[in-house]
Amino acid sequence: MKGPKLWIGAGVVGLYVLAAILAPWIAPHDPLAQDVVAALQGPSAAHLLGTDELGRDQLSRILMAARIDLPVAALATLLPCLLGTALGVICGYFGGWFDAIVMRISDLLQAFPMYILMIVLVFSLGPGVRSLLISFTAVGWVVYARLVRAEVLRIRQTEYVTAAITAGFGAPRVIVRHVLPNTLRQTLIYLTSDLVFAVTALAAFSFLGFGIQQPTPEWGSMIAAAQPYITTQALLTVVPGLVITVLALGFALLGDALQERKRA
Amino acid sequence: MSALKIKGLSLVRADGVTLVDNVDLALAPGETLGIVGESGSGKSLTLRAILGILPAGITATGEIACTARTAMVFQEPATALNPTMRAGDLVARVWRRHHPGRSKADALTAATELFEQVGIDRAADRLRAWPHELSGGMRQRVMIAAALAAEPEVLLCDEPTTALDVRVQAQILDLLRDLVARRSMAMIFVSHDLAVVASVSERLLVMRRGEVVETGVLTEVLAAPAHEYTAELLAANLGRRLKSESRESRESRESSESLGSVTR
Ligand SMILES: Nc1ncnc2c1ncn2[C@@H]1O[C@H](COP(=O)(O)OP(=O)(O)OP(=O)(O)O)[C@@H](O)[C@H]1O
Ligand SMILES: [Mg+2]
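Note that the protein sequences, when read in sequence, are chains A and B.
Once you know that position 143 of the first sequence is 143 in UniProt numbering, the rest is easy, because the numbers rise by one and skip nothing.
Once you know that position 193 of the second sequence is 193 in UniProt numbering, the rest is easy, because the numbers rise by one and skip nothing.
With the rest of the complex left out, here is chain B:
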């Protein structure tokens, strides 16, 4: 059983150029998949194809079977929030859209809870904030809260930390890791930064020029990359940072897994 299954997805531009070529991908419920690849490798388009929001002029062929509810977190916190809508309003509206028949008061309560869950302090005050009053990290938290309001089974993240500074980036990654574990949500996390992807993913998919060059369990791929491009990425990312982060995430995952088996 899989929450999301893609078979032979190809995306072709109107002028005949193939942007994404024959991509296969499967995501089990609760699983986290990282997609890494250089700029222009077709990561964002693949996510857009899953959501059915391809830009005009791009046609898709292949199969996308998605039974799960999906929500997306975007790259640019500066443009991902409507500047004329209060942060809490946005989250409350999305929540109500997915809980028809519930009152505005319920939606507000839910929005407050979601704000707390994504680590926004003084949540009740921040509900009334305009996007321009929030920092980049805060905006990204609001985006995540809005995504969670749809109660997704699969969360799609398109470089959600690329526009943030390193410290805030680490906080958001922690938050996502935590949310995915707590809600047993599946996640696809896209980035051009292997170290970032490695810190939140169990499985890895490497893309280059619209093609999947390698896919497998993260630790195995990192330990023995089968494709030279993966090895290149790894070399480029090597340094203390990658090693420490992937070890850290492996440890935390192992500890949570052992916890899980104890309760089971």
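The following block holds chain A by itself, in its conformation from the complex:
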């Protein structure tokens, strides 16, 4: 456990998680409270990051948005990861017609650019967290399934799996105790870098109006709402943008560090 990447990455992510947990107590104002008279103000003692077009406290909204963006981004990687791992294990361990079908479907999905597929799905399902998660899962499982399948094919050949089978353990036991735990490291590395994608994609979809809707505070939609005022109150777009970038960077560093540790 060494190297600055790991610590900086973990520190950044930890800070965001902490902010999300503590947001209701440390946010100076109600993130939804409007004060049209005090709209579009620059930073002041009362509003450290100023106010938005409806006079809501920008800092409070940024903080509270962490409570939306973080869990939704986490789910948007976790759900595809779970689905992909389950399919990958079954395909890799048992093979056969099920494997063939799943691999055909994943070939098909991978023939399209991921973003386009997701946009089409979200567009047809309608805006909102639910349809975002459905489309992330429907598209994102493919990489996990392939990754886990390849790992399982390798692990199934190892002597410790043969030993477990000859010791009389059935397939479910062998999979849960001997195969799955040994795929986790590889999955975790990919999952961390997938979080980078989820954070930015979530913000992008919300920016485009397909994700989390106003007035709920969310970084992407905050940027979208502040767009008309970019020349007068640039901070309103710059700060949420920075917040997203730094978080994505944190996950990227973490993923890098895990990858390097694996090689070492």
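Simulated from the structure, these hints should not be mistaken for lab results.
Honestly, I wouldn't trust all of these hints.
Lysine to aspartate or glutamate pairs mimicking DMTMM-like chemistry, simulated, CA-CA at most 25 Å apart [said to hold, decoys possible]: (1) B:K5 <-> B:D21; (2) A:K262 <-> B:E133; (3) A:K262 <-> B:E76; (4) B:K104 <-> B:D125; (5) B:K5 <-> B:E38; (6) B:K104 <-> B:E151.
Among chain A residues calculated to face chain B with C-beta under 10 Å, some are [said to hold, decoys possible]: (7) G95; (8) Q157; (9) Y160; (10) T166; (11) A167; (12) F169; (13) R173; (14) R177; (15) H178; (16) P181; (17) R185.
On a predicted model such as this, the values are computed, not experimentally measured, just so you know.
Just so you know, even glycine gets a beta-carbon here, dropped at the ideal spot from N, CA and C.
Chain A is already provided as a structure; the job is to place chain B with the ligands on it using the hints.
What follows is chain B with the ligands alone, placed relative to chain A:
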């Protein structure tokens, strides 16, 4: 009566190549049989056929009658232990699998005893060790403990000492000799090294290119090899080492036999 009987076993690859050709083999309870042969002669496949774990694409014909409980010790201690399972956990799990209805505490006690039996000192501490924390020799001892946890009547050893240095190799061979005698377990010991096989076996079976070229009582085969390939192996192995080891094992066996007859 035999614990294991193989008649006319042939293993054929999908492309029609015969890997093991018409092998006959019988093992009496408590007997130790050594299988020796060059790399690729089909020793491992024969053992796998006995356990019913042939690799995909290889079909077996012939008869395998095995009434005895079997367990296997593998060649590579580096890959024969699940890296994500503690050594004691592995042994305890196998033990519980073969003692249904017994508690986890019983299994832990049994694992500790097995660790002691295979000569792992500080057994209680070592139960919690991860495989990567153990030396090659220790791992092989853990493998043997896990095999014993199934209380086998026949122990199959596939080159269990090949990956170890000479000193540790001698210790493991001693251990196996001792365990087989104490538990009156039958054993098939496979190696490409005639000297190693000779040190633990009463009977010898020589394989070459998938065929049995010679079989008989070890001392007789060594004294007067009937097949030129056996003679070649013997010549290659000749040197002080083989002579001293086979004499030593003969003496120790003779002394234990005379002891046995006294108690009987
Ligand atoms: N999974 C497999 N598929 C196809 N051929 C195989 C497979 N496993 C082994 N073989 C072939 O079968 C033959 C016998 O292999 P086996 O592993 O039994 O040899 P061995 O006597 O154990 O050799 P070694 O001393 O190297 O372990 C070899 O020619 C090998 O190439
Ligand atoms: Mg072999």
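task: Please name the hints from earlier in the document that this structure breaks, with their numbers sorted from lowest to highest.
output: Violated hints: none at all, because every hint is consistent with the structure.
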